[in-house]
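Colleague: Residue strings, one per chain:
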Amino acid sequence: MNRMISRLSEQQNLWPWLLLLPLSAYLLVFFAVPLADVVQMSVTEPTLGLQNYEKVLTGSLYRKVFLNTFMTAGIVTLCCLFVGYPLAYLMAHTSRRNAMLILLLITMSFWTSFLVRTYAWMVLLGNNGPVIWLIQAMGFEEKPHLLFTRFSSTLAMVHILAPYMIMNIYSVMQKIDKSLILSAESMGARGASLFRHIYLPLTAPGIANGSVLVFVICLGFYVTPVLLGSPREQMAAGLIGHQIEEFLAFGLGSAMAIVLLGVTLVILGIYHRRFGLDKLWG
Amino acid sequence: MSSYLSLKGINKSYGDFVALDDVNLEIKKGEFVTFLGPSGSGKTTTLMIIAGFEKATRGEVEIEGLSLAGLDPQDRNIGIVFQNYALFPHKSAVENVYFPLQMRKVKRKEGMRRAEEMLELVGLKGFSHRHPKELSGGQQQRVALARALVFGPDLLLLDEPLGALDKNLREQMQIEIKRIQKKLGVTTIFVTHDQTEAMSMSDRIVIFSQGSIQQADAPLEIYHRPKTQFVADFIGESNLLAGKVVDAASGILSSPVLGDCTYSGDHQPAVENGQDVTIVLRPENLTISRDPIEGRMNGRMKIETIVNYGDNALVIGLSGGVPIRVRVLGADVVILSEGDECCFSWDEDAIFLVAE
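Residue numbers (my numbering), protein chains in the order written: chain A, 7 to 288; chain B, 1044 to 1399.
Isolated chain A, as found in the complex (with noise of 0.2 angstroms):
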């Protein structure tokens, strides 16, 4: 009797699984086996083998196109950061309505299409942009170049990856206990002091997420680096496909996807152990 009624009641149990069908059934359909597929190419094309990934993990070029990903996606992290923090600290600390009025201006720029957002960075930075315009215009006699450079790629997908920065520091700034503000007040903490053993421990949290999202979204980044960047300092995703588009070497891009995934996961990994992942989105 009951194990009839444990039975049952597993079986119940089993019914809300049901309602992630159409989603497993979608991914399955247009994620699980494209990526299986491109596992597959990755190790039978040309022919059967791991010579792939031995090319991508030791071939000089794709060792400097993964750093320079890395080291992209490492200025661009600190960069949301230096910018974020104080706006998220603004934010968290201003009147609701200045709060609200900023959050509105972030998550416009936020819903508007990167596209769009990139080719804005085009026409700024470009030869007859405005911004070339001010620097004449303050007197400088040589016209800077700076479209197609890394600054031209970093300046843009800073603006881009941003709000994640932002919007993960300030949701934690928000929830900061303000007692423990006035307590270490109280205990002779100000300024300075304040800031380094109270206040920054706090939002460690925030950072931690921010940076870690804009860190791995960063690492795939494709069409803005690929439209402002400059092409000797490609990046991973640039140059996958830049493989697959040209040379039809649809091996070695597979291979470079996977590494880039795989460290990817191995990031998420360690910040899973450390944070738990649920919390990444606030």
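Note that these hints are calculated values from the structure, not bench results.
Bear in mind the structure is a predicted one, so any value in this text is a computation, not a measurement.
Just so you know, not all the hints are guaranteed correct.
[To be verified] The calculated lysine to aspartate or glutamate pairs, modelled on DMTMM-like cross-linking and capped at a C-alpha distance of 25 angstroms, are: (1) K181(A) / E1097(B); (2) K184(A) / D1115(B); (3) K184(A) / E1177(B); (4) K184(A) / E1138(B); (5) K184(A) / D1197(B); (6) K1345(B) / D1390(B); (7) K1176(B) / D284(A); (8) K1225(B) / E1177(B).
[To be verified] The following residues of chain A were derived to be distant from chain B, with all beta-carbon distances above 10 angstroms: (9) M77; (10) G194; (11) Q249; (12) L266.
Backbone N, C-alpha and C define an ideal beta-carbon position, used for all residues, glycine too.
Got chain A; can you put chain B on it based on the hints?
Modeller: What follows is chain B alone, placed relative to chain A:
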């Protein structure tokens, strides 16, 4: 009375709203004073002004005659325990306690030793390396207390620190806080809305209502000689009845409910013949009987409700349309039932008058 902390004519208003209206108070060194009152009565605002987190609209806070005006909270040397403890979640217990010393530039080794000592004093030896979330509510409370005391504050402020604890732990912490406060001799202000807490812990209770101090006296004094109707009603249970003084010299009054009765005079406020007063009769000073008891004053009532608490019961009856509350021992309640007619009686020294 040599006063240590003085509040002189403190006013605080937010726009049109007057949060504090002329608060004056003198507190002696080493005294344990409780601010008691309903929420919104101004007790926490007063605390925040003493701590320096709020600025008084008018008035002065002085410690040993020196004004605290112009001193930031950081420079006031006041220890505060917040309602939710406000422990730093990223620091261990001992690092939390060390923090105020760190801010006072005490060397780490020396500071950590003092922090450990203070943790031992509050009964947390062996817990120093746990983080707040690994400690129970009572233990967190002790850490907060140690942190507020470790730097030898001139004043200790406790803002409803026991509110989040369950009843047993609360009573235990009341005793603990009292023990530690006595041992260190630190002048303490304790804010609460729980009157039993105030009664059991304080040297003196300050009763707040609507932004002003109603009465500031020793607990029993407050209980037995309430100066205002608010205090009589707020502290303990009371039957508040309207009355008129007939003869102040010999202690005779008349009341629609109690009839003409006498009261003993030694602890009463000064009243005049013909003055309207409020008569305070504590439910525990009334006795219920079938027939009038000789040698006591008696009234009649019809029992409406009996609320049983086990060891005692509250009997609520109506006398001339006015509710009368009587506390009786649990064993006595079995002979009573709702709807019964009975007598309630009292001694003449059970009556306190409040002249307002």
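Colleague: If a hint holds in the structure, say so; if it doesn't, say that too.
Modeller: Hint by hint, here is what the structure shows:
1. With a C-alpha separation of about 22 angstroms, the suggested pair K181(A) and E1097(B) falls inside the 25 angstroms cut-off, and the hint holds.
2. For the given pair, K184(A) sits about 17 angstroms from D1115(B) by alpha-carbon distance, which is consistent with the 25 angstroms threshold.
3. With a CA separation close to 22 angstroms, the supplied pair K184(A) and E1177(B) stays within the 25 angstroms bound.
4. Between the alpha carbons of K184(A) and E1138(B) the distance comes to roughly 20 angstroms, so the proposed pair stays at or under 25 angstroms and holds.
5. For the hint linking K184(A) to D1197(B), the alpha-carbon distance of about 24 angstroms falls within 25 angstroms, and the restraint holds.
6. With a C-alpha separation of about 21 angstroms, the suggested pairing of K1345(B) with D1390(B) holds against the 25 angstroms cut-off.
7. Using a Cα cut-off of 25 angstroms, the hinted pair K1176(B) and D284(A) holds, with the two alpha carbons roughly 20 angstroms apart.
8. Between K1225(B) and E1177(B) the CA atoms are separated by roughly 29 angstroms; this puts the pair beyond 25 angstroms, and the hint is violated.
9. The Cβ of M77(A) sits about 30 angstroms from the closest Cβ of chain B, beyond the 10 angstroms cut-off, so the non-interface label holds.
10. G194(A), annotated as away from the interface, has a beta carbon of chain B within 10 angstroms; the closest lies near 4 angstroms.
11. At roughly 46 angstroms from the closest C-beta of chain B, the C-beta of Q249(A) stays outside 10 angstroms, upholding its exclusion from the interface.
12. Listed as a non-interface residue, L266(A) keeps its Cβ farther than 10 angstroms from every Cβ of chain B; the least gap is roughly 34 angstroms.
The structure fails to meet hints 8, 10 from the earlier list, while all remaining hints are met.
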